[in-house]
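Student: So you can see what is in the structure, the chains are spelled out below.
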Amino acid sequence: MTPEEMLARLDAPLSLRKRVGYLAVAFAGLTGSALIGLLWVTEPGLPTRTNVAFAVLVAIGLCWAAFGGWAVTRRTPLFARDRVVAGWLGVGAWLVFSVGALIISLVRQEFEPLLLGVVLVLGVVAAVHLRAARRARAALLRRRNALAETAVGGE
Amino acid sequence: MSDELLVVRCQLGEREAFAELVQGWHPAVERYVGRMLGGSDDDVVQEVWLAVFKGLPRLRQPDRFAPWLFAIARRAVLNRLRDAYARPEPEPIDDRPGDDEAEGVVNRETLAGALAALPAREREVLLLFYLEDLPLDACAQICAVPVGTIKSRLNRARRLLRHELVRKGYEA
Numbered sequence: 001m002t003p004e005e006m007l008a009r010l011d012a013p014l015s016l017r018k019r020v021g022y023l024a025v026a027f028a029g030l031t032g033s034a035l036i037g038l039l040w041v042t043e044p045g046l047p048t049r050t051n052v053a054f055a056v057l058v059a060i061g062l063c064w065a066a067f068g069g070w071a072v073t074r075r076t077p078l079f080a081r082d083r084v085v086a087g088w089l090g091v092g093a094w095l096v097f098s099v100g101a102l103i104i105s106l107v108r109q110e111f112e113p114l115l116l117g118v119v120l121v122l123g124v125v126a127a128v129h130l131r132a133a134r135r136a137r138a139a140l141l142r143r144r145n146a147l148a149e150t151a152v153g154g155e
Numbered sequence: 156m157s158d159e160l161l162v163v164r165c166q167l168g169e170r171e172a173f174a175e176l177v178q179g180w181h182p183a184v185e186r187y188v189g190r191m192l193g194g195s196d197d198d199v200v201q202e203v204w205l206a207v208f209k210g211l212p213r214l215r216q217p218d219r220f221a222p223w224l225f226a227i228a229r230r231a232v233l234n235r236l237r238d239a240y241a242r243p244e245p246e247p248i249d250d251r252p253g254d255d256e257a258e259g260v261v262n263r264e265t266l267a268g269a270l271a272a273l274p275a276r277e278r279e280v281l282l283l284f285y286l287e288d289l290p291l292d293a294c295a296q297i298c299a300v301p302v303g304t305i306k307s308r309l310n311r312a313r314r315l316l317r318h319e320l321v322r323k324g325y326e327a
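Sequence lines, in order, name chains U and F. Just so you know, we're using the numbering used here here: the first sequence kicks off at 1 and counts up by one. Just so you know, we're using the numbering used here here: the second sequence kicks off at 156 and counts up by one.
Just so you know, the hints here were simulated from the structure itself, not pulled from any lab data. Treat each hint with caution, since some may be false.
Computed from the model, here is a short list of chain F residues facing chain U with C-beta under 10 angstroms [claimed, not checked]:
(1) Glu159
(2) Gln178
(3) Val200
(4) Arg213
(5) Cys298
(6) Val300
Some chain F residues well away from chain U (every beta-carbon gap over 10 angstroms; in silico) [to be verified]:
(7) Leu167
(8) Ala174
(9) Pro182
(10) Leu192
(11) Trp223
(12) Asn234
(13) Asp292
(14) Gly303
(15) His318
(16) Lys323
All C-beta atoms in this analysis are idealised placements derived from N, C-alpha and C, irrespective of residue type, glycine included.
Take these sequences, add in the hints, and give me the full structure.
Tutor: Here it is in structure tokens:
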């Protein structure tokens, strides 16, 4: 088998689009189930059927999040660039959740300190992840440039 | 381009760097797998490259790519040869260095042909040390044993190989 044939066989796992897709699915599932969960806990006196419906929706979101998480940890690796993309997707998911939480609070006309705390903690987690991913990528870029210069200088 | 630079580019997420890495190392992986298993096996080679791709972000020493790659290839081969590796290792042979006539006489292709008759452990060290030109410490890292064990396996392997070559009529 030639190297090209081997690369063709590895086409699916090598696909960047697929990796980003898994990440997007994971964050969408997580954000969706978090917002639905928030609606659920802030809605008093729901009938049993509605409670079940909410629980099912939250479970579906969590399943997608678990699938995406499993895929990017087991099925395909995340490289430095992918981690930066993941960091930004995390920030985006946090923003969507924060806006959703704000809208729900405004509609309910009640301020929940616990909810604010959760939003802040999630924001810090998202920012720390993004920063770590950018730093790791910057370190690799410096290493790549240094090695490339050495290679050019050695020729 | 050096392997270290290619690995760093892979770790950044450059797909074309991975393609270059595969183009550069695929023949060696295919050769190693083929000679260890006694025939080419595309599925095992694919398994190796998939594991390499998945493991690249966690490779801490990009300058040690070759031993890392062969360690992965060895694991894949090991899965196929589990029975051969399960046999206990024979007692070390007290073989003085430098008295190995086969080493100087046999060319690479003849060596490769006779290798098939050797036990898996001995075949492996000969492949890595002679055919892939890897240093002793890299062989030790790949096989996950001390350098001394590699040396004794090499001694035993050379002796077995000599017997095999003599049996095949290369005594001259």
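Student: Would you assess whether F/Asn234, listed as outside the interface, keeps its beta-carbon beyond 10 angstroms of every beta-carbon in chain U?
Tutor: holds, 18 angstroms
Student: Report holds if the minimum CB distance from F/Asp292 to chain U is greater than 10 angstroms, and violated otherwise.
Tutor: holds, 23 angstroms
Student: Against chain U, is F/Cys298 within 10 angstroms by beta-carbon distance?
Tutor: Because about 25 angstroms separates F/Cys298 from the closest Cβ in chain U, which is outside the 10 angstroms limit, the hint is violated.
Student: Answer holds if the nearest beta-carbon of chain U is closer than 10 angstroms to that of F/Arg213; otherwise answer violated.
Tutor: holds, 8 angstroms
Student: So is F/His318 really clear of chain U, every C-beta pair being over 10 angstroms apart?
Tutor: At roughly 34 angstroms from the nearest Cβ of chain U, F/His318 sits farther out than 10 angstroms, so the non-interface label holds.
Student: Can we trust that F/Ala174 is non-interface, i.e. its beta-carbon lies farther than 10 angstroms from all of chain U?
Tutor: About 6 angstroms separates F/Ala174 from the closest Cβ of chain U, which leaves it inside 10 angstroms; violated.
Student: Report holds or violated for the interface hint on F/Val300, using the least CB-CB distance to chain U and a cut-off of 10 angstroms.
Tutor: Since the shortest Cβ distance to chain U is 28 angstroms, the answer is violated.
Student: Does F/Leu192 really sit off the interface, with its C-beta more than 10 angstroms from all C-beta atoms of chain U?
Tutor: holds, 14 angstroms
Student: Is the Cβ of F/Gly303 farther than 10 angstroms from every Cβ of chain U?
Tutor: holds, 34 angstroms
Student: Check the non-interface label on F/Lys323: least C-beta distance to chain U beyond 10 angstroms or not.
Tutor: Holds: least Cβ distance 30 angstroms, greater than 10 angstroms.
Student: Test the statement that F/Leu167 is away from the interface with chain U: the closest C-beta pair must be farther apart than 10 angstroms.
Tutor: violated, 5 angstroms
Student: Hint check: is the beta carbon of F/Val200 less than 10 angstroms from a beta carbon of chain U?
Tutor: Hint holds; F/Val200 Cβ to chain U Cβ min 7 angstroms, cut 10 angstroms.
In this structure, the earlier hints numbered 5, 6, 7, 8 and 9 are contradicted, and the remaining ones agree with it.
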